[in-house]
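Residue numbers (my numbering), protein chains in the order written: chain D, 791 to 1073; chain W, 791 to 1073; chain G, 791 to 1073; chain A, 791 to 1073.
If you're looking for bench data, these hints aren't it; they were derived computationally from the structure.
Each hint can be trusted.
A pair holds if it fits inside one copy or across any two, identical chains being indistinguishable in the list.
Dumping the calculated DMTMM-like pairs for lysine to aspartate or glutamate here, alpha-carbon to alpha-carbon at most 25 Å:
| hint | residue 1 | residue 2 |
| --- | --- | --- |
| 1 | K878 | D1037 |
| 2 | K1041 | E839 |
| 3 | K937 | D915 |
| 4 | K992 | D1025 |
| 5 | K999 | D801 |
| 6 | K1055 | D905 |
| 7 | K992 | D1066 |
| 8 | K999 | D828 |
| 9 | K976 | D828 |
| 10 | K1068 | D1037 |
| 11 | K1055 | D1037 |
| 12 | K937 | D952 |
These are the residues of each chain, in order.
Protein chains: 4
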Amino acid sequence: MKTTILIHCPDQQGIISAVTGFVHAKGGNIVYLDQHVDQQANVFFMRLESNFDADLFSESDFEKEFQKNLAARYTMQWSMHRAGRLPKMALFVSKYNHCLYDLLSRYSSGELEVDIPFVVSNHADLRPIAEQFKIPFYHIPVTKANKGDAENEQLKLLASHDVDFIVLARYMQIVSAKIIDHYPNKIINIHHSFLPAFAGAKPYHAAFKRGVKIIGATSHYVTENLDEGPIIEQDVTTVTHAHRIADFITKGRDLEKIVLARAVKLHVQRKTMVYDNKTVIFY
Amino acid sequence: MKTTILIHCPDQQGIISAVTGFVHAKGGNIVYLDQHVDQQANVFFMRLESNFDADLFSESDFEKEFQKNLAARYTMQWSMHRAGRLPKMALFVSKYNHCLYDLLSRYSSGELEVDIPFVVSNHADLRPIAEQFKIPFYHIPVTKANKGDAENEQLKLLASHDVDFIVLARYMQIVSAKIIDHYPNKIINIHHSFLPAFAGAKPYHAAFKRGVKIIGATSHYVTENLDEGPIIEQDVTTVTHAHRIADFITKGRDLEKIVLARAVKLHVQRKTMVYDNKTVIFY
Amino acid sequence: MKTTILIHCPDQQGIISAVTGFVHAKGGNIVYLDQHVDQQANVFFMRLESNFDADLFSESDFEKEFQKNLAARYTMQWSMHRAGRLPKMALFVSKYNHCLYDLLSRYSSGELEVDIPFVVSNHADLRPIAEQFKIPFYHIPVTKANKGDAENEQLKLLASHDVDFIVLARYMQIVSAKIIDHYPNKIINIHHSFLPAFAGAKPYHAAFKRGVKIIGATSHYVTENLDEGPIIEQDVTTVTHAHRIADFITKGRDLEKIVLARAVKLHVQRKTMVYDNKTVIFY
Amino acid sequence: MKTTILIHCPDQQGIISAVTGFVHAKGGNIVYLDQHVDQQANVFFMRLESNFDADLFSESDFEKEFQKNLAARYTMQWSMHRAGRLPKMALFVSKYNHCLYDLLSRYSSGELEVDIPFVVSNHADLRPIAEQFKIPFYHIPVTKANKGDAENEQLKLLASHDVDFIVLARYMQIVSAKIIDHYPNKIINIHHSFLPAFAGAKPYHAAFKRGVKIIGATSHYVTENLDEGPIIEQDVTTVTHAHRIADFITKGRDLEKIVLARAVKLHVQRKTMVYDNKTVIFY
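Excised from the complex, chain D in its bound form (with noise of 0.2 Å):
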């Protein structure tokens, strides 16, 4: 059975001798682990995969001794997720269909380890995507008078489909508090920039007008500080005087699909971990 193990805790010394010693005294096999201290902020952070013999492994004993003999002396914030259960990916959308359909290509490869319970939309036109995708599609329209509404449908959705993590691809509305307090580093946005540069509307236009020589595209999660959240993954490609504002945002829909793609990967993977509005990500 594998097990990925998420560790965060004030630097101290000795840590990964008792976490590793624990695991391999429980039957444990390390099979991979990574580690990293902010030293700034003297944060210690690690991960680790360990696979268990399925029959001699209890998880609920394993996680109440780790919380008495480990996480209680060293102040750990800590979260172990077993192999097996694909956790469920909201998809959020608007009228842009490249991220859409670039997830639902993965999602139905194979390639993307999720359950894809809906795709909603404050748009009626990529219902025609989800569809063909066979993933149900939900059209929530928002205006500025009905978003306290709007959301409180989404919450709805969201809570009957149990669902763990968002993604926004290529939703062009501001999730409110609402919804980012009930998924706190659980909602993934795309933005086509490359953060910090070009924050807000309409980036390859500012791009465009700044005559940059390279653009970019940036994943993170989202917070209630517009497009401050904490990176997950960037990504650029050159342009030229040569490039009007339409190339611009066509050569920009190739890296959005893949830096979100990719962002979406490490979250499933659990290779991110947020502190200070930054990521760890182990690759």
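Fit chains W, G and A to the known structure of chain D by using the hints.
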């Protein structure tokens, strides 16, 4: 005899045909032509490398006729450059030595087709490097109090050596309008971020704090608005949570060297044109 | 009316002037001109986008005069393409679905300016994907024994749909001269390595064994020499010792999709010219 | 006192726990741990940076106990390195100066934590550069006839300066087994192609002829099979049809400098381990 002609003017029908026909009629063999139309601004740009038989070619006649027959008719801004005479490049530095080492090494190898009449600095630290490469070094301290005088002294130095363009190779002072006005689009700076992200002081610290996954460097022409001049060249490299600020600085150094060197070469080869605070770069 | 003219011929003085003068005289407005001289082979290449007033322009007159006045005189190989008619692109696939998903998604979004009359495969596996995107799917099994017959069947299919060019989207069969001869420089393949490294079968396995730190993908026109045709586009991504072959394959998939899509677009936009088993690409 | 321990051994359960427990028991504070399992070869690799209290720590006792209690039990190959003593790096060059300039500049800046006892060359051309940086220069001509004698002379020089590792900074001679055997996995070469493409002589010419769209550079440990040793670092840059061989060479120079410098740093920081003609690199 090799010449390079640079032109920009309002876009009109028939310009390419008119210019290439003229060069052909004057006995020129067009080796390389690059052209661009900025369709938003409706401006036409052209760069033309041609060979003429030195015995039959009169530069001043060519210039007069070109001006009368073409430039006036199409409202061109244009310039012609004969190969042969090396442009004179002044180097401004402070205490960081990596860009200085890099440019002087390239110069000594014959890779940079320039003359370097001197290195000037507000600190004495890098004198040994200039001397090691046998380049005169001037130490002109700059303080808040003496800034005006110091810039006058710099201007005198620039004038007396008949300098064509200036490279700020990690020069940690703001260059004021007094100097910029004498060298419009002729002062090249290297900024150690992916502009417009992290303009101003301490960009690596700011990038670290933001938790970006990619850092960059930007070379641009200096204008009166700090770090907002026309971008010539940019490049980036990846970073992770495991990199400390010191690592950003070390990784960034290699970027800065490469990006600055590329920008200098593009400038020297007259492959850059500036319009509307942006560059057209004919690679 | 927008046209694209492609020319190559022995390099001679005055070609640009002659061609641009001719287009201008015929009322054409040159929107974009790119030109290249292969100085080793002494060959001149040009790509010319021009707009003509549709009411005043006779394509057949233009072609006749161009041929007589220019092509004959300069020994040109040339072609003219009117915008408007979509080229017909046949897709050959086997069992891998990522390039198929990617190209059909781009096609459905309107990003690819082509018609796709059919997908053909030596296996039935990908039929549901073609159907999902409402593209006819033909299953033509290929074995050692029936290869000649299968290719005849493919040729019939291609002819009956008036196909302009073929994309091998991870088609795991060698295409023989019988088909290549009908579609010279019109069959685009994606090879999952950075050619010429790791030509032939199982390139990711070979790359893993060699311990490279970067893997790549290459799109090229198919010639009779396997994986040796003119390269259109290449891209790479980094790998480390921590990546297993399965990771190479997953990372490589994204490369393959992007590189193949770029090559297809360049071909469709007539930005590629082939000479001496190499490509001139007018980006 | 900072130490780095490198270990590899057959993969077994409990190694991490045993090693970290041992270090902890000896009063060590583990600053950084990286670990890798090659699952095909079933080999475990670990790199461990620890701090010990210099007053309480006996290196020889630690080594004896580690050997007895851990290394013997797990059949480890291991080594421990105290920070402080600078490794001695010999530079072999021929006529190309860019890598020499780059490494000596980094050395002079204090960026490279090495001593450079000498530069040796089969040509006298680069003597002024070595002298400019105040590094002793030895000219040992190499011909077919005298190769054996020349290598003996080189070996004497290396021995007399107690050299730890050798960098071939564009040394255009094949180094024979006589030298390689004395410095196994301690000779770093820079090859000017993306290996395994274009091994051997004149890779830029070969790349040009093949019409690749990307060129590269590769740094590797030297083995008896030319250009086939374990790869440490690779990087690439794009080229187009417009680049001539001379442009490949110029663009490639920057790649060679960067890739070689990175490989040297990784080696010096003991972040490289060699197994099965591949490297594990703990970035």
